[in-house]
Amino acid sequence: MKPRDHATRPCPCEGSRHLRLELPAEAAMLVVACKSVRSFAESCGLGPRECDRLELAVDEVCTNCVTHAYERDADRRYWVTMEFLHDESQLVVRVYDTGPAFEPADVPAPNTSCELSQRQIGGLGLFLAAKGADSIGYQRTERGENCVVLRKYVAAAAAEAAGA
Amino acid sequence: MEIKHDSTGELDVVRLKGRLDLAGAEVAEEFFAKFRKSVTSGTALVVSFRDLLYISSSGLRVLLAAFKDLQAKGGHMVLCEMNVSVEEVFRFAGLDAVFRIYATEREASESLAAK
Chain A
49 MKPRDHATRP CPCEGSRHLR LELPAEAAML VVACKSVRSF AESCGLGPRE
99 CDRLELAVDE VCTNCVTHAY ERDADRRYWV TMEFLHDESQ LVVRVYDTGP
149 AFEPADVPAP NTSCELSQRQ IGGLGLFLAA KGADSIGYQR TERGENCVVL
199 RKYVAAAAAE AAGA
Chain B
207 MEIKHDSTGE LDVVRLKGRL DLAGAEVAEE FFAKFRKSVT SGTALVVSFR
257 DLLYISSSGL RVLLAAFKDL QAKGGHMVLC EMNVSVEEVF RFAGLDAVFR
307 IYATEREASE SLAAK
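From first to last, the protein sequence lines are chains A and B. Note that my numbering numbers the first sequence so that position 113 is 161, with each residue one more than the last. Note that my numbering numbers the second sequence so that position 41 is 247, with each residue one more than the last.
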């Protein structure tokens with residue numbers, strides 16, 4: 049089934065600043081999602097270390113879209129929305145895909161303290177996304193999409209200074 | 207993602223440059239698939255992160271696989287010169303306790319010379 053055209057529906061964002069990207073499921077395009085979110089976050093006053101963490105979270109979630117939801121079918125698209133909620137000094141990034149439903153709670157957390165021989169080679173993606181964001185959530189939308197929601201809090205003074 | 211490989215016979219130094227994300231991991235995977243053919247019990251490998259800007263779980267996966275492979279063959283591998291954000295990703299994943307990570311390439315090389 050072809051993905052639905054995101055452009056035909058209203059943007060879910062309500063923030064004073066918001067932006068939406070549509071990306072093909074290609075490894076080479078992940079950097080575009082990361083850099084766009086990073087620039088947006090910087091414009092809202094998020095500091096460099098926190099931008100690094102947000103970039104990691106966005107990359108991990110988008111990597112899951114490319115590799116798991118779409119199995120690297122570059123004809124398929126996923127969407128990244130970003131908004132700044134001024135009153136709450138909060139950045140919200142949502143990543144949507146039309147792949148099969150998944151339940152993050154069913155994904156086992158990797159053991160990050162066992163010895164080398166027992167380390168799993170994969171399974172770190174969602175774990176690192178949760179580390180990089182201040183909070184992470186998941187919804188299955190009415191349109192039958194997966195939506196991962198990443199939130200990051202910006203110090204109010206920094207947001208003010210950035211004019212956000 | 208660029209990878210440079212220098213070998214003196216006793217020591218291999220691999221320098222990573224750019225982003226070790228999903229796309230970079232494909233390049234790194236290809237490199238390590240070739241590299242593993244020359245690995246022996248005497249292999250001593252330093253992986254320099256000096257010019258590595260970024261790493262994700264995709265990159266960690268490739269390095270962990272290469273490390274396990276090298277260890278299984280009796281070789282040694284150490285890492286060096288990570289920037290703070292890359293180092294933090296290792297810490298988040300608990301891999302700072304698995305890999306030996308040195309501040310400088312010199313320290314990393316010397317640690318292997320002592321083998």
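Source of the hints: derived by calculation from the structure; they are not laboratory data. Just so it is clear, the structure is predicted and the values come from calculations on it, not from any experiment. In this text, a Cβ means the ideal position worked out from N, Cα and C, and glycines have one as well. A few of these clues could be false.
So, partial list: chain A residues that the calculated Cβ filter (under 7 angstroms) puts toward chain B [to be verified]:
no.	residue
1	68
2	76
3	80
4	100
5	107
6	111
7	176
8	183
The list that follows gives simulated cross-link-like pairs (lysine-lysine, DSSO-like), each with its CA atoms no further than 30 angstroms apart [stated by the list, open to error]:
no.	chain 1	residue 1	chain 2	residue 2
9	B	210	B	223
10	A	179	A	83
11	B	243	B	274
12	B	274	B	240
13	B	223	A	83
14	B	223	B	279
15	B	243	A	179
16	B	210	B	274
17	B	243	B	223
18	B	279	B	240
19	A	179	B	240
20	A	83	B	279
How the hints compare with the structure:
1. 68: violated, 22 angstroms
2. 76: holds, 5 angstroms
3. 80: violated, 11 angstroms
4. 100: holds, 4 angstroms
5. 107: holds, 5 angstroms
6. 111: holds, 5 angstroms
7. 176: This interface hint holds because 5 angstroms falls under the 7 angstroms limit.
8. 183: Hint violated; residue 183 (chain A) Cβ to chain B Cβ min 16 angstroms, cut 7 angstroms.
9. B:210 x B:223: The hint holds at about 8 angstroms.
10. A:179 x A:83: holds, 19 angstroms
11. B:243 x B:274: holds, 14 angstroms
12. B:274 x B:240: Distance ~15 angstroms between residue 274 (chain B) and residue 240 (chain B) Cα, so the pair holds.
13. B:223 x A:83: Since the Cα atoms of residue 223 (chain B) and residue 83 (chain A) sit roughly 17 angstroms apart, the hinted pair holds (cutoff 30 angstroms).
14. B:223 x B:279: Roughly 27 angstroms separates the two Cα atoms, so the pair holds.
15. B:243 x A:179: violated, 36 angstroms
16. B:210 x B:274: holds, 21 angstroms
17. B:243 x B:223: It holds: about 23 angstroms lies between the C-alpha atoms, which stays within 30 angstroms.
18. B:279 x B:240: Cα-Cα ~15 angstroms, so holds.
19. A:179 x B:240: Violated: residue 179 (chain A) and residue 240 (chain B) sit about 33 angstroms apart, past 30 angstroms.
20. A:83 x B:279: violated, 39 angstroms
Going through the hint list in order, the structure does not satisfy hints 1, 3, 8, 15, 19, 20.
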